[in-house]
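**Student:** Sequence:
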Amino acid sequence: MRLPHLALAVLAIPAMATAIVAGGRAVQSEGGGPWEQIQVGAEPQPAAPATSAIPKPVPAKQAAHSRAIDPEIVVPPQLGSNELERIEPRAPLSDLALAGPPKPPKTKMPDDWKGTKLFQPVALAAGLIEAKGYSIAVSGIDIVKQEETCTDGGKSWNCGIRARTAFRAFLRSRAVVCAVPPEGGRDLIAAECRIGNQDIGQWLVENGWARAAKGGVYAEAGEKARAAKRGVFGPAPSVSGLPPLPAAPRSAPEAPSSILEEQDGVLMPPADQPAPAE
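Heads up: the sequence shown begins at 82 in our numbering, then just goes up one per residue.
Since the hints were made in silico from the structure, they are not lab data. Heads up, none of these hints are tricks.
Keeping only pairs whose Cα atoms sit at most 30 Å apart, straight-line, the calculated DSBU-like set for lysine-lysine is:
(1) 213 - 226
(2) 305 - 226
(3) 295 - 305
(4) 198 - 226
(5) 226 - 236
(6) 310 - 226
(7) 295 - 310
(8) 236 - 295
(9) 213 - 198
(10) 310 - 236
Okay, the calculated beta carbon distance ranges per label pair:
(11) 315 - 276: 20 to 26 Å
(12) 211 - 237: 23 to 29 Å
(13) 211 - 239: 19 to 25 Å
(14) 330 - 234: 32 to 38 Å
(15) 234 - 263: 48 to 54 Å
(16) 330 - 239: 22 to 28 Å
(17) 278 - 317: 31 to 37 Å
(18) 330 - 262: 48 to 54 Å
(19) 232 - 295: 18 to 24 Å
(20) 203 - 318: 20 to 26 Å
(21) 318 - 263: 36 to 42 Å
(22) 201 - 310: 29 to 35 Å
(23) 236 - 201: 32 to 38 Å
Predicted, not measured: the structure shown is a model, and the values here were computed from it. A virtual CB, placed ideally from N, CA and C, is assigned to each residue, including glycine.
Given the sequences, and given the hints that come with them, work out the whole structure.
**Tutor:** Structure, rendered in structure tokens:
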């Protein structure tokens, strides 16, 4: 009895295998279940991470700041070259807009002849200065000497002293800057001088207290001062508003050489004086 049972079991094994293979093919053809991915002899695929299902953040786009532009207003219209016309410039609104004539260039002094500041200057004449061991004659002018006199209507007046007084009032012991060498103690030096930004030679000529040198830089200012009759070119200063001069003092009587009177060759006291006590 065991032999037939064994034969049936052996025959049943191929039949069962055939049925299993047929069933697997039927399931694979239907496309269902996770078994469709299983293949015999294939390596297992690695599992996806748990965070793979989280969507990645999308960067926010910056808002574009824009404004509406009208092309017809912003963009100039297209013009052909034949439509342009050149016109003359308009006249200036005033004479201030006109460029003046170029000034003559100033002569540059050597490095050792730069401006030297001189304190407490003394005016010996209008345009003649002494300070810090220097004797300086302002350049570009003819100095009016102290002893010079001028004529006004046939009457002479001391214009040299008047010019020196006006120059001293202008200086007022202020420091002057002159283009002189750094060492003093030399002879009379002709140099340009100024007080701050004021040219001393220009001031003297403009006010008529000095004559402009012929062909110098102050020639035009000298002509204006002469035409306006300023300074030495004008009339004598009026003294009507000044107080009268004091009267000359009377001469005092001569003092006697001695109080004794001479009588017969003998000095005797005056008669009205008592005799000295013995």
